[in-house]
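Number of protein chains: 2
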Amino acid sequence: MIAQTIPDFIRTLTALSGILEKGAASAQARKIDPLVLTSARLAPDMFPLTKQVQIACDASKLGFARLSGMEAPKFEDTETTFEELQTRITKTIDFLHTVTAESLVGAEDKVISFPAGPERVLKLKGRDFLYQWVMPNLYFHTVTAYNILRHNGVDVGKMDYLKGADLLP
Amino acid sequence: MIAQTIPDFIRTLTALSGILEKGAASAQARKIDPLVLTSARLAPDMFPLTKQVQIACDASKLGFARLSGMEAPKFEDTETTFEELQTRITKTIDFLHTVTAESLVGAEDKVISFPAGPERVLKLKGRDFLYQWVMPNLYFHTVTAYNILRHNGVDVGKMDYLKGADLLP
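Residue numbers (this note's numbering), protein chains in the order written: chain Y, 2 to 170; chain D, 2 to 170.
FYI, nobody ran anything at the bench for these hints, they're computed from the structure.
Among the hints, a few may not be true.
Incomplete in silico selection of chain D near chain Y, CB under 8 Å [unchecked claim]:
{"id": "1", "residue": "ASP9"}
{"id": "2", "residue": "LEU43"}
{"id": "3", "residue": "TRP134"}
{"id": "4", "residue": "HIS152"}
Predicted, not measured: the structure shown is a model, and the values here were computed from it.
Think of the CB as a built atom: it goes at the ideal place given N, C-alpha and C, for glycine as much as any other residue.
Build the full structure now, drawing on both the sequences and the hints.
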């Protein structure tokens, strides 16, 4: 059951990549420094776009690393440009492609300990970790990235976010 | 597998209810007309908070109505106040509590046809409908509601959104 959700993460990160592409294109078309968009926030004490993308990637890679026992790629968290954010997404998707169904056997009932902030360690059963932590975090940071760009006049719509569904004819 | 995700919807809608409570409290404390917050948007051509909450509820109720074959409660889409939005969330959660595991047997492979916008009907397999449409829609509108309030100075944090996880001791 857990392995079946990997394509959902890949699809959402791919949609995020497309949304960022629209952001980069919009900056170019409107002659705005792209760093204005990548450093934009919805509130002064909220993370900027760069950090939203970093965390969307980390939720995905660390989530499946913890569930599978595989080692996730390390990132330096130094991205500032759209291109660097795209590279991070690509590397995260590449990692998700390497996570096998075999490595996730029994993961549903495994106890997962993970840091939540600098001083707190939480524990959840594998199934709950995926559905109550990893997945909501992926969506939280993907949608916030979308909202930051949307708020800054980038022409994205909900179908950019829902893109890639396996529609039947 | 599908029935197992009902508590995830209930948890997220309950978190949304808590976020709206903080919005209402913040309006009162700052002496702002609450309707200013419930009608706030992140962009002039985006839906206001009221509509975000309405759609988060509808994604959930219509999603499980279509998967289970049960009839979802009808709402008039006339909410303008925080109290009215809370009532809609409560009624949606009440409906989700009535959806039985039995009614969802076989739902994974059932073909679901559903409207996407006024002129388009899409088709997805039950499993994909849940994971590629219903769930991302729930999160999209919940997180956007959160972001609207956060952008308007309401003191909410990500833990308000992640609240209710089944943490182990």
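Right, here's what the structure says about each hint:
1. Satisfaction of the interface hint for ASP9 of chain D is found here, the shortest Cβ-Cβ separation to chain Y being roughly 5 Å, below the 8 Å cut-off.
2. Interface hint at LEU43 of chain D: satisfied, since its Cβ lies 5 Å from the closest Cβ of chain Y, which is below the 8 Å cut-off.
3. The closest approach between the C-beta of TRP134 of chain D and any C-beta of chain Y is roughly 6 Å, which is under the 8 Å cut-off, so the hint is satisfied.
4. Evaluation of the HIS152 of chain D hint against chain Y yields a held restraint, the C-beta minimum of about 4 Å falling below 8 Å.
Violated hints for the displayed structure: none, as all numbered hints are satisfied.
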